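Engineer: The sequence shown begins at 950 in my numbering and counts up one residue at a time.
Simulated from the structure, these hints should not be mistaken for lab results.
Model, not experiment: these values are computed from the prediction.
Please note: incorrect hints may appear among the correct ones.
[Unchecked claim] Cβ-Cβ distance ranges computed for the label pairs, FRET-style:
#, residue 1, residue 2, range
1, Cys954, Phe1026, 37 to 47 Å
2, Cys954, His999, 26 to 36 Å
3, Pro1019, Phe992, 17 to 27 Å
4, Ile1015, Phe990, 36 to 46 Å
5, Arg981, Arg1018, 12 to 22 Å
6, His1017, Cys954, 35 to 45 Å
7, Cys954, Ala1020, 20 to 30 Å
8, Cys954, Asp1023, 23 to 33 Å
9, Phe990, Ala1020, 22 to 32 Å
10, Asn955, Phe1026, 15 to 25 Å
11, Cys954, Pro1019, 45 to 55 Å
12, Ala1020, Phe992, 31 to 41 Å
13, His1017, Asn955, 43 to 53 Å
Every residue, glycine too, gets a C-beta built ideally from N, C-alpha and C.
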Amino acid sequence: CYVDCNSPHCAAQCRHRKANREAPGSACYDPRFIGGDGIVFFFHGKSKEHFSLVSDFDLQINSRLIGHRPASRDWDFTWIQTLGILFNSQTFSL
950 CYVDCNSPHC AAQCRHRKAN REAPGSACYD PRFIGGDGIV FFFHGKSKEH
1000 FSLVSDFDLQ INSRLIGHRP ASRDWDFTWI QTLGILFNSQ TFSL
């Protein structure tokens, strides 16, 4: 989605958009985060737990992970189930 401020209502436009999981600033898979500089960070968390992904004075991004641990592994295979964002006093959950 993007905000189209060329329209009279300056509204979000989400038609015909596909997610780009490889783009800078994205988060996907188990989870993998790609920073604005393109550097990839792989995060191995624990299933059914909450984690702080970004913590700054005006910005907080948290996630809840889901997944499972195969018998042959020492860690959980995890996926992002929920993202919570706090910017100043505004909140958004996805």
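Engineer: Hint by hint, note whether the structure agrees.
Structural biologist: Checked hints:
Separated by about 41 Å at the C-beta atoms, Cys954 and Phe1026 satisfy the suggested range of 37 to 47 Å. A C-beta distance of roughly 34 Å is found between Cys954 and His999, which places it inside the suggested range of 26 to 36 Å. About 18 Å separates the C-beta atoms of Pro1019 and Phe992, a value consistent with the hinted range of 17 to 27 Å. In this structure, Ile1015 and Phe990 break the distance hint of 36 to 46 Å, their C-beta atoms being roughly 19 Å apart.
Here the CB-CB span from Arg981 to Arg1018 is close to 19 Å, well matched to the stated 12 to 22 Å. At about 44 Å, the beta-carbon gap between His1017 and Cys954 stays in the expected band of 35 to 45 Å. With their beta carbons about 53 Å apart, Cys954 and Ala1020 fall outside the hinted range of 20 to 30 Å. A hinted range of 23 to 33 Å for the beta carbons of Cys954 and Asp1023 is inconsistent with their spacing of about 49 Å.
About 27 Å separates the C-beta atoms of Phe990 and Ala1020, a value consistent with the hinted range of 22 to 32 Å. The beta-carbon spacing between Asn955 and Phe1026, approximately 43 Å, falls outside the hinted interval of 15 to 25 Å. Between Cys954 and Pro1019 the C-beta distance comes to about 48 Å, which sits within the given range of 45 to 55 Å. Our hint of 31 to 41 Å for Ala1020 and Phe992 is violated, since their Cβ atoms are close to 22 Å apart.
Range check, His1017 to Asn955: Cβ separation about 46 Å, and the 43 to 53 Å hint holds.
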